[in-house]
Amino acid sequence: MILVNGEELSYFDGMTISDILKKKNFIFPLLVVKVDGEVIAREKYSTTLVSENAKVQIIHLISGG
Amino acid sequence: MSYDYTKRTNYISDLPTMKAAHKILHETTFKPTLPQKGYNNRSLHIDLSNFKVTEKQISQQIKDTFIGGRGFGLWYLWNAINPETKWDDPENDIVISPGPLGGITQYPGSGKSLVVTLSPLTGIPIDSNVGGYFGPLLKFSGFDALEVQGKATTDIVIFIDGQTGTIRIEEAPLESVDSHITAEQFTHEYASGPGDLQNVSVVASGRGAENALIGCLNFSWYDLRRKGTRLKQAGRGGIGTVFRDKKLKAIVVRGPKVKGDENNPVDFDRIVKVGVKLHKEIHDLDDKQCRMRRQGTAHLVEIMDAYDLLPVNNFQFGKHPDVTGISSGVWDKRFTQGIPDGCWLGCSLACTKGADGHVVMTGPYKGHIVTVDGPEYETAAGVGANCGIFKPEWLLECNFYCDTYGIDTISFGTTCAFLMECYQREILNKDRTEGLELTWGNAHAQMELLHQISRGEGFGKIAGFGVHRLKQIFAERGWGDSKFLNDIGMEVKGLEYSQYISKESLAQQGGYALANKGPQHDEAWLIFMDMVNKQIPTFEDKAEALHYFPLFRTWFGLNGFCKLPWNDIEPADNAKTDEPSKVPEHVQNYCELYGAVTGKNITKEELISMSEGVYNFQRVFNLRMGKGLRRHDFPPYRSLGPVTREEYESRQERYDTQLKEVIGVDPQGKSVDEKIALHRKHREDQYEKLTDAVYKRRGWTKNGVPKIQTLRNLKIEFPDVIEVAQKYQD
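If you read the protein sequences in the order shown, they are chains Z and C.
Mapping of the first sequence onto the working numbering: position 4 corresponds to residue 4, and the numbering continues sequentially without gaps.
Just remember that the working numbering sits 65 ahead of the position in the second sequence, which is counted from 1.
Rather than coming from a laboratory, the hints here were simulated on the basis of the structure.
Computed from a prediction, not measured in an experiment: that's the story for all the values here.
Keep in mind that a hint or two might mislead.
Calculated cross-link-like contacts (lysine-lysine; reagent style BS3-like; alpha-carbon spacing at most 25 Å) [to be verified]:
1. Z:LYS34 to C:LYS780
2. Z:LYS55 to C:LYS599
3. C:LYS345 to C:LYS548
4. Z:LYS44 to C:LYS345
5. Z:LYS34 to C:LYS292
6. C:LYS692 to C:LYS345
7. Z:LYS22 to C:LYS384
8. C:LYS692 to C:LYS767
9. Z:LYS24 to C:LYS767
10. Z:LYS24 to C:LYS641
Pulled a few chain C residues facing chain Z out of the computed Cβ check, cut under 10 Å [said to hold, decoys possible]:
11. SER563
12. TYR565
13. ALA589
14. TRP590
Built from N, CA and C at the ideal position, the CB exists for glycine as well.
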């Protein structure tokens, strides 16, 4: 299990940031991703592995036209 | 699909005849000036009842207190009207002002005009932020604001010539009143030749604004590549209705050729430095971020759908399987790509997309070839998804006619959606709509409704009054239950909602219903922070966000900026900052620009203070006009939670979980109606608590009135303002 923005999400081995975004359907392009407080660069979403029990923050910046 | 983007129906073949029919009613001269440090220190007042033209000096105190733009508009309107003034009284004022930083060409999004008037929909001041060249060209002709009061008796045009220093008021009987033609005709009439076309901007409305309360204004600029005029809208609150009520066919400004330093800033190099940085960000990052340069705000359609935030069928639902019909991929192909699309010079974000080669399918312009300016997200969501319509060509058709008729696409979309739901629930039927089958997805009926509104005929005669009045009319006629109509009629203070579902974001419920002018998202858009990020969990957190963001965004309107370059593009290292949602580097850019133009350096905290005075003044203005109390800040229930069984059942799992985990009630064995009632009690209670927290943070009484001390702290100490607020202190 991991926490994404405070909500539980089931975990699997080899889970990456991209997997989380896909599972949560987070398609908004302006995101700030932090894993246990560490900022993950956008270009590393598909290669950054998340460990079990990680606390992930996926901050969507303000939108709206 | 490719189009010849210069090919469109010609409306300027008979200009000599049109111009010969003009009759000069008044002519006067003025001394053209350029601003110094962003200000001319002078505004222009025109009274259409007696054709009196007056220059007004702008004092340092007024600049310090109201800054410009929306602030100047509110101040002039306050002095023009009294508590009994109605929108169609001659003393109602239309004020257009660009703000001291307006007209910068080195920093994207710096050409906005702010328009303020007493709204026909709300009876309180409305402010609307609009692109196009008018505001900067007005300022570079010599005026920081234009006020138009009084009423003419025949259709007139005001021409302000900043090249020769002439102001003329002319009867103009032959030009079209519909904006896509009006702008084209007057631009060519008043430009001295092809090289002068870009120096002319036209403000116009349309025939729809004559017959509806949801009229908008169009502000033009000449698109050199397309060889035609383009339009941006001051959409909200019925400003176009006031414009046409004054018999204004157009206001035209011809300014000097813009070179880029007309504001005479204190430190030009400082502006260039900040601008270069943002241009580079846009160049390097926009394709990876929001793709504003290709899709404009229409990129949001499928994003809102993915987060259950896209209004579908009058805000009942937040997504729809047919959304791909109007999503960004469609617009990416349909918009003409690869040509500059800024609504002011130098804006490299270039989000003002145009769909060229649209062959009009209905109405008086059937068969004409036109360029449609848009659709932007609000239009695609409003007249599209919210009405169950997912056909792009029909969206373009509706977008085109709304603009040229001078009808606000947001209010029309929300009103049409409301009517369609009334039809669904048999509050309306074919007899009551005089033959219109207003079923979900019926684009033909939507267009016929729009044409009827524009003519003031049939069912369109009342439909153009907007949601607030329609609720009353339907209840009075015994067609529907007043409480239910109030629950589903998406308006606050008389203004229709813009196009986001706020049911699962308490902060956004406040962002809409607590907004001074009514539920428009340009005060605060907090849905992601609140609903998705869970960044503002407490009432105090939400209240802080509802303090900061409305004030931050007010600042754009005081100074002549567009909101989009603030956060629809972000610096590469924004994620590493302490408050990425505020985009700190861009906030600092605005401080730099203000200091560079005016010579007065400000901090990010002072930036907020500048807005706070104007914001509180506007709240007192609402009080003066009979609104502005707590009861006027309460939203329709649909913006808080599910009204109907279908809505509940569409998100049953979520709502049942909330009952159990948030409200503490076991949903097992409860009927849907019982569960809806439990949610309602909880959600309305939460909203009241939010309201308490926001008022406290803003320094207002529990009834939503700025405390006298708050006004004094903000230096809003004008005796007549204090007198109004004093009456409502607890």
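*Under the criterion that the straight-line Cα-Cα distance not exceed 25 Å, is the pair Z:LYS24, C:LYS641 satisfied?*
Holds: Z:LYS24 and C:LYS641 sit about 23 Å apart, inside 25 Å.
*Is Z:LYS44 close enough to C:LYS345, meaning Cα to Cα at most 25 Å?*
Holds: Z:LYS44 and C:LYS345 sit about 23 Å apart, inside 25 Å.
*Supplied contact hint for C:TRP590, tested at 10 Å Cβ to chain Z*: holds, 3 Å
*asked:* Does the closest beta carbon of chain Z sit nearer than 10 Å to the beta carbon of C:ALA589?
replied: Status holds, d = 9 Å.
_Holds or violated: C:LYS692 and C:LYS345, Cα atoms, limit 25 Å._
violated, 45 Å
_Interface hint check: C:TYR565, Cβ to nearest Cβ on chain Z, cutoff 10 Å. Holds or violated?_
holds, 7 Å
*Quickly compare the C-alpha distance for Z:LYS34 and C:LYS292 to 25 Å and report which way the hint goes.*
Violated, because 48 Å separates the two Cα atoms, which is more than 25 Å.
*Assess, step by step, whether the Cα of Z:LYS34 is no farther than 25 Å from the Cα of C:LYS780, and give holds or violated.*
violated, 42 Å
_Pair hint outcome, C:LYS692 versus C:LYS767 [Cα-Cα no greater than 25 Å]_ = holds, 15 Å
_Run the distance test for C:LYS345 versus C:LYS548: straight-line Cα separation, threshold 25 Å._
Violated, at roughly 53 Å.
_With the threshold set at 25 Å, check whether the alpha-carbon distance from Z:LYS24 to C:LYS767 stays at or below it._
Judged against 25 Å, a Cα distance of about 40 Å means the pair is violated.
*When you check the alpha-carbon spacing of Z:LYS55 and C:LYS599, does it fall within 25 Å?*
holds, 13 Å
Hints 1, 3, 5, 6 and 9 from the list above are not met by this structure, while the remaining hints are.
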